Every structure is written in C-alpha cells, then in structure tokens.
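Protein chains in written order, with my numbering: chain D, 1 to 113; chain H, 1 to 116.
Heads up, some of the hints might be wrong.
Derived list of chain D stretches under chain H, where covered just means 3 residues or more per stretch with a C-beta under 8 Å from a C-beta of chain H [said to hold, decoys possible]: (1) 46-54; (2) 58-71; (3) 99-106.
Some chain D residues near chain H, calculated using beta-carbon distances under 8 Å [to be verified]: (4) Y32; (5) K42; (6) G43.
Some chain H residues judged to face chain D by a derived CB distance under 7 Å, without partners named [to be verified]: (7) G16; (8) Q41; (9) G108.
Since the hints were made in silico from the structure, they are not lab data.
Source: prediction; values computed, not measured.
C-beta: ideal position from N, C-alpha, C; glycine also.
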Amino acid sequence: GESVGLHLPTLSVQEGDNSIINCAYSNSASDYFIWYKQESGKGPQFIIDIRSNMDKRQGQRVTVLLNKTVKHLSLQIAATQPGDSAVYFCAEINDQGAQKLVFGQGTRLTINP
Amino acid sequence: DTGVSQNPRHKITKRGQNVTFRCDPISEHNRLYWYRQTLGQGPEFLTYFQNEAQLEKSRLLSDRFSAERPKGSFSTLEIQRTEQGDSAMYLCASSLASGLNFYEQYFGPGTRLTVT
Chain D
1 GESVGLHLPT
11 LSVQEGDNSI
21 INCAYSNSAS
31 DYFIWYKQES
41 GKGPQFIIDI
51 RSNMDKRQGQ
61 RVTVLLNKTV
71 KHLSLQIAAT
81 QPGDSAVYFC
91 AEINDQGAQK
101 LVFGQGTRLT
111 INP
Chain H
1 DTGVSQNPRH
11 KITKRGQNVT
21 FRCDPISEHN
31 RLYWYRQTLG
41 QGPEFLTYFQ
51 NEAQLEKSRL
61 LSDRFSAERP
71 KGSFSTLEIQ
81 RTEQGDSAMY
91 LCASSLASGL
101 NFYEQYFGPG
111 TRLTVT
C-alpha cells in the first residue's frame, strides 16, 4: 500500500552542528510534501513544504530536498539549537481535492549540548 | 491565542463508555480534519469537513465513530462503546483550502484518550 517512511527512528547531533533527516515515500503520484515538527504534548507544527515540480526549497535554517527519481525527501537543519529537539515527520499529499496528509513514522531528533 | 483548540486535553474512560471531543478551528478556516496518532507513529487521517459537509471518511473510522460540524465552525468527534484500541491522541487540524492550491493545515494540541 501507499506509505511514507523514514530511514532512522532517532538522531542525535551536537548543538551547532547541521542535521539531516531522511524520508522515503512510495507514491510517485504525490503532489506535495511537507515536514512537520512535533514537540512533546503538542500537535504537529508546519516547518516547510515543497511541491513535486521542485527539487529544493529553503527556509530559515531549514532546507528540503526532493529526489523524485529515488522517491526520497530530506530535511536539513543548519546550526541546530536545543529548541530543535523534537520528532520530525514527513508527510505527503496525493489528492489535491481532500488534501489529507499521509504521515511517516517520524524521527526523534535530540540536540546534545 | 487564535490557533486551533481542542477540549478536553486528556480523557480517561472505561471500556464501553462513550466519549466526545471538541475542536475549535481557526475562525475563517473552511476545512477541518481529524487525525489519530498512536505512540511512536505519525498521525493517520480519519475524516474531514468542508464547511459543514463531511466529505471523506477513512476506513479507520468504524461505525462506533461519528463526527459532526453542524454550523461549519467547531466540530465534535464521538466514540461510542470505547475499546482499549481506541487509546490514542486525537488531533484536529484546519485549513483555508480553495481550489487545487495547497494550504497549510494548522494542528491543535490534541486530545489524549486512555481507555482502561
């Protein structure tokens, strides 16, 4: 079936280092991809999105890369800070009507001081 | 705070009881989504509304689940005859969707349900 999955369930990086979180998706028809951040006890928070006709998009300290050839999505966070510690989910939308999100399992990012 | 709000934040109930959750979306948002999230997993789509119309329901939404959005504003999600497998975080999200453009879904803090 359709799924959005992640390569690693946990990732630890030193404060100030860059981090890369990866995601593999299986539905080549997906139109839109989003990265969400979820802190403990809170709902997911939008970080950055990318349309399927793009391969890179940058935000503040974050960059999303999309490789449609291998169905791979990554989130790069530059100069990580303690506040970046959270679970990160990639999600896809493959129906432009309902626009329901299909989430992966998540990666827990821990920033070490 | 003008974000999405959900009540209650936590609910503990005994198996077989009925529970109802409420979601208040961002006021001008026409779309409202319900998702369910179990520990360590990403949220899973349950259902969504466009204004007051419920347009799609996931196969995860058994006949014990019902959702309403009577006036196109707040929404309620009711679970009848709760089972231990219903224990999860129930998340609500809203967006201002129009046409085929993609619009960010804003999530509420969720209602954590524990069925004992």
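Which of the listed hints are not met by the structure?
-> As far as the earlier hints go, 2, 7 are violated by this structure, in ascending order.
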